[in-house]
Structure formats: structure tokens, C-alpha cells
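Novice: The residues making up each chain are set out below.
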Amino acid sequence: MQNLRLNPGESENLHWQSFKTGNPASFEYLYQKYSAGLYNYGDKFSGDKDLIKECIQELFVQIWTKRSSIGNPEHIKNYLYKSFRNLILKKTAQLQKNQGFDDLENYGFNVSLNIEEALIDGERRKKISGHLQEAISKLTARQKEAIFLRFYEQLSYEEIAEVMGITVKASYKIMARSLSFLRDNLSKEDLLILYMAFHMKLLN
Amino acid sequence: MKKQLTDYQSFTLEDLINDESFMVWVTQPNDELDTHWSSILEAYPGLAPIIQEGREIIQSMRFETEVLDAKEQKELWNTIAAKTTLLDKPIKQIRLWSRYAAAAILVGVLFASGLFYSGFRQVTIQTPYGQLQNVTLPDGSLVTLNANSNIRYDKKWGENQIREVWIEGEAFLKVNHLHKEGQVKNNQRFIVHTGALDVEVLGTSFNVNDRRGRTAVALLEGKVSLGLNTTREKPIIMAPGDIVEYTGGKLNKKPVNVVEYASWKDGKLYFRDVPVSRIFDYFEDIYGYKVKVDDPEILKRRLSGTMSSKNEKVFFETIARTLNISITPDHDSHELIIKSN
Numbered sequence: 000m001q002n003l004r005l006n007p008g009e010s011e012n013l014h015w016q017s018f019k020t021g022n023p024a025s026f027e028y029l030y031q032k033y034s035a036g037l038y039n040y041g042d043k044f045s046g047d048k049d050l051i052k053e054c055i056q057e058l059f060v061q062i063w064t065k066r067s068s069i070g071n072p073e074h075i076k077n078y079l080y081k082s083f084r085n086l087i088l089k090k091t092a093q094l095q096k097n098q099g100f101d102d103l104e105n106y107g108f109n110v111s112l113n114i115e116e117a118l119i120d121g122e123r124r125k126k127i128s129g130h131l132q133e134a135i136s137k138l139t140a141r142q143k144e145a146i147f148l149r150f151y152e153q154l155s156y157e158e159i160a161e162v163m164g165i166t167v168k169a170s171y172k173i174m175a176r177s178l179s180f181l182r183d184n185l186s187k188e189d190l191l192i193l194y195m196a197f198h199m200k201l202l203n
Numbered sequence: 115m116k117k118q119l120t121d122y123q124s125f126t127l128e129d130l131i132n133d134e135s136f137m138v139w140v141t142q143p144n145d146e147l148d149t150h151w152s153s154i155l156e157a158y159p160g161l162a163p164i165i166q167e168g169r170e171i172i173q174s175m176r177f178e179t180e181v182l183d184a185k186e187q188k189e190l191w192n193t194i195a196a197k198t199t200l201l202d203k204p205i206k207q208i209r210l211w212s213r214y215a216a217a218a219i220l221v222g223v224l225f226a227s228g229l230f231y232s233g234f235r236q237v238t239i240q241t242p243y244g245q246l247q248n249v250t251l252p253d254g255s256l257v258t259l260n261a262n263s264n265i266r267y268d269k270k271w272g273e274n275q276i277r278e279v280w281i282e283g284e285a286f287l288k289v290n291h292l293h294k295e296g297q298v299k300n301n302q303r304f305i306v307h308t309g310a311l312d313v314e315v316l317g318t319s320f321n322v323n324d325r326r327g328r329t330a331v332a333l334l335e336g337k338v339s340l341g342l343n344t345t346r347e348k349p350i351i352m353a354p355g356d357i358v359e360y361t362g363g364k365l366n367k368k369p370v371n372v373v374e375y376a377s378w379k380d381g382k383l384y385f386r387d388v389p390v391s392r393i394f395d396y397f398e399d400i401y402g403y404k405v406k407v408d409d410p411e412i413l414k415r416r417l418s419g420t421m422s423s424k425n426e427k428v429f430f431e432t433i434a435r436t437l438n439i440s441i442t443p444d445h446d447s448h449e450l451i452i453k454s455n
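Top line first, the protein sequences correspond to chains A and B. According to our numbering, the first sequence holds residues 0 to 203 in order. According to our numbering, the second sequence holds residues 115 to 455 in order.
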């Protein structure tokens with residue numbers, strides 16, 4: 000029961016090997032597979048779309064240039080996300096001239112959470128979404144990022160730690176804190192509505 | 115490594131959220147996980163509220179996605195390619211071993227993709243002369259295939275696969291509309307390939323006719339975009355009621371009564387001032403006869419009217435009477451002898 004995560008597939012590893020020997024098709028495969036996800040991830044750090052695209056460009060140019068010396072990362076996705084994250088943080092820090100370059104910890108991460116439309120519609124959904132959004136906005140950037148990586152990208156705690164450059168223990172801690180914070184900040188009424196909606200979904 | 119049932123006894127909400135299998139169960143449930151979690155619930159009914167709560171937390175996590183649209187993605191790729199793969203000229207000195215390694219990997223990739231595609235074999239359906247056939251596509255979309263036509267498509271359509279069919283002859287399609295809102299995903303797209311045209315569809319019923327070097331698409335409802343598959347010109351967007359005809363390298367849009375146009379599927383044909391030569395072409399396409407006309411003047415006449423095409427004999431009779439000619443099928447030579455009375 001522990002190992003239920005879907006196997007990312009042999010083909011990705013084959014493409015990675017092939018990319019390292021300089022196969023343009025495999026390189027493009029990696030781009031096609033990851034560019035949209037990276038763009039969405041990058042958007043959470045900065046609203047500057049051109050900056051995000053610049054970072055994606057730099058990331059791919061970089062890995063192509065040093066393709067022969069790159070190792071075989073255990074998870075290709077993590078490797079790309081991590082390198083991309085570093086690029087973005089560096090770039091945004093450079094843009095904020097008044098901040099020191101080492102201050103990579105001080106970043107923004109903005110996520111919007113929505114409740115699935117199928118569950119509840121109209122005013123109620125807006126209201127609950129509002130509450131959820133408000134609670135989320137009170138989390139720190141790290142907490143938000145961990146939640147995003149866990150629930151949206153479905154990374155494991157080990158993988159979150161790798162991407163964010165923290166220990167596995169710290170990634171558990173961050174998640175536990177943010178979840179209990181969310182629970183405390185959502186009213187009983189919100190939870191009740193969610194309950195009902197959930198039951199309705201089960202019945203359908 | 116497998117967790118014992120008793121491990122769950124004192125589970126807290128945090129434990130649940132941290133549990134890999136719980137997360138997968140909520141987001142991508144399957145039978146095995148359903149069984150696993152129902153047995154836990156049965157053993158420890160006390161866990162029900164936190165399981166409920168855990169599910170809600172995970173399920174309510176709908177993050178807004180910032181979409182990189184296809185055009186931007188392509189442009190960005192072009193920039194990257196220009197700085198990378200396009201820059202690298204073919205490497206002149208490849209050490210032998212790395213050449214072998216590359217070849218071995220390529221074989222590996224080919225082999226892997228061969229395995230992958232063997233599960234997606236194609237289906238081809240060909241109708242004989244004089245017979246229609248209804249076909250249900252893997253997604254439930256409906257196709258009525260006219261006589262002497264064929265359709266080809268993948269047996270299964272994957273989760274992230276564009277729905278594609280290849281049609282020769284004539285077909286009426288009623289496409290299952292999968293796209294509701296937001297960015298159009300691959301599996302919500304539906305493309306019909308004909309000899310010269312690609313018809314891209316979003317939930318629609320329409321008629322495709324691809325015969326004699328002429329392709330015509332008639333749209334009854336919904337929206338389709340239509341592009342030549344040879345050029346990169348802008349596709350034409352069709353509205354209900356439009357017929358677009360492709361002939362002699364040109365696309366022409368013209369308003370016709372499209373319901374009449376696709377009526378063959380119900381065994382009826384409408385003609386509005388149609389040249390008789392066109393009707394004879396139809397006899398050849400649908401019934402497989404070679405038409406022999408003794409008086410070419412007949413071909414220049416025009417015909418209007420509704421007739422039933424369900425029965426070949428009755429259909430020929432009706433036309434013969436209307437035009438005051440005789441139509442005699444010769445079943446041995448597959449010729450249709452047409453004489454003016």
C-alpha cells in the first residue's frame with residue numbers, strides 16, 4: 000500500500016538518456032512535457048509572465064548546454080522544478096534591488112484555491128471560496144508552496160523537500176502547521192456546507 | 115512495508131493527509147484503494163469524521179492554473195530551439211562508443227514506443243455499395259457512414275489523446291461534446307481528416323463528403339474549424355447552416371439547406387436545381403454503377419424534388435419518371451444504361 004504512486008514511466012528515463020546524448024527530439028519531449036507545469040508553478044512566484052518565460056528558456060538552454068555532464072536525477076520532474084525555482088528566486092531577487100542577493104528565503108507565493116464547481120454553485124461557493132482564500136492568504140509563502148506542491152503537483156514529502164531545498168522533516172512540519180491553521184480558520188459552517196456538498200456528490 | 119490495519123487505529127487528520135495511499139485514494143480512486151479504505155472504516159468506524167474531513171481538505175484544493183497557451187508555448191520553444199538544438203551542427207567527431215550507445219538507446223525508445231502503440235490498433239470500417247452503416251466511436255460519438263465510404267480510427271482513445279478519424283467517401287457525424295469550459299484539453303478535441311481537409315470539431319453534427327477530388331463539409335449544429343492539411347493558412351470557422359466546399363485548391367463557403375444536405379442518412383434525398391450529371395455521379399459513388407448515357411443533353415438538365423433513396427429500384431424509377439428517361443441497371447457489367455424516351 001505504500002507504493003501506490005503511479006510509475007512515471009520508463010519512456011521518460013529513456014528520453015532523458017537520449018537527450019543527454021544530444022537527441023533534439025527527446026529534448027523537445029522534455030519541453031513539451033514540463034513547460035506548461037513550470038509556467039503555472041512560476042506564476043505563483045511572480046506575476047511577471049515574461050520573467051517566467053525567460054526562466055523557462057534559461058532552464059532549457061542551461062540543461063542542453065551542460066547535458067553531457069548532467070547526472071541521472073532520480074526524479075526528472077523534481078530536478079527541473081528545483082532548478083527552475085532557483086532561477087526564478089535569483090531573478091526576482093535581482094529585480095528587487097534593495098534586497099540582498101542572499102535573501103532567497105523572502106519570496107512571495109500566491110495561490111488561488113477554488114472549490115470545485117460541481118460541488119456547490121453560486122453565491123455559497125463564492126462565499127466558501129472566499130473564506131478558504133482568506134485563510135490561505137494568511138499562510139507563509141513556504142506553507143503555500145508546500146501545499147501547492149503536495150496537492151496540485153502531488154509530490155511526496157521527500158520530493159517537496161528536494162524541490163524546496165529543505166529537510167524531509169521540515170516539509171512534514173510545514174504541511175502539518177498549514178493544515179491545522181486552515182482548519183482553525185475555517186468556520187464550522189463552512190465545513191458543514193462542504194460536508195453536505197460532499198454527500199451530494201457521493202449520491203450522484 | 116505494508117501498513118497493518120491496526121496502524122490506522124489511532125490515526126489523526128495529519129496522519130491521514132500525510133498518508134500516500136489516502137491522497138491517491140481521494141484524487142485517483144481505484145477498486146483496490148476503495149476496498150482498502152472501506153475495510154479500515156469497517157474496523158474503525160471512529161475514523162469516519164476525520165476521513166471525511168481529510169477528503170474535504172484534499173478535494174477542496176482546486177488551485178487556479180495559469181495557462182501557457184499553445185501559441186506561446188510554441189514561440190518559447192522556437193526561441194529555445196534556436197539557442198540550442200538548431201545551433202548545434204551535426205557533430206562531426208563522434209567517438210564510436212557513444213555512437214553505439216545512441217543507437218542502443220534509440221532502439222530502446224523505438225521498442226518501448228512499439229509496445230505502447232500495439233495496444234492502440236486501428237479500426238477500419240468500409241461500407242459496400244448501396245448500404246449505410248451506423249458506427250459508434252470509442253467516445254460514444256455517432257457516425258452514419260454512407261455507401262461506398264470508409265472510416266478509420268484508433269480502437270481506444272487515450273486520456274490525453276486527440277480524437278481523430280479518417281474518412282473517405284461521405285459520413286454524417288454527431289460528436290460528443292466534451293469541452294465545457296477553460297482551456298481545451300487534447301482529449302476534448304476531435305479532428306476529421308479527409309483527403310485535403312482537416313475538420314476540427316467542438317461538439318457538433320455535420321456532414322463530410324470527400325469524393326471525386328472535391329470535399330464538402332456541411333455543419334448542422336455546433337462549431338467546426340476547417341483547414342487545408344497541406345498549407346498553414348488560417349482555418350475557416352463554420353457556423354451552423356454553412357457548407358464549405360473544397361475543390362480545385364480553393365475553399366468556398368456557401369449557404370445551403372444543410373438539413374437537406376445530410377438527409378441521405380435518413381434515406382431521403384433532396385434536390386434543388388441540381389444538374390443531372392451530379393445525380394449520376396451519385397449513382398456511381400453510392401451504388402457502384404458506371405453510368406452510360408446515350409444522349410449527353412440529359413446531363414445538362416436540372417432536377418428538383420425530394421425522393422426516397424432507401425430502395426435503389428424505387429429511387430431509379432422516380433428519377434426516370436421525373437426526367438422522362440429510362441434507367442436500366444445491367445448487373446453483369448455493373449453499368450447503368452440511360453436512354454431518353
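Quick caveat, the hints were computed from the structure, so don't treat them as lab data. Every residue gets a Cβ at the ideal spot worked out from N, C-alpha and C, and that includes glycine. It cannot be assumed that every hint is accurate.
What the hints assert, rightly or not - Stretch by stretch, here's where chain A covers chain B in the computed footprint (C-beta under 8 Å, at least three residues):
#	segment
1	124 to 132
2	179 to 187
3	401 to 411
Novice: Looking back at the hints listed earlier, which ones does the structure fail to meet?
Specialist: 3
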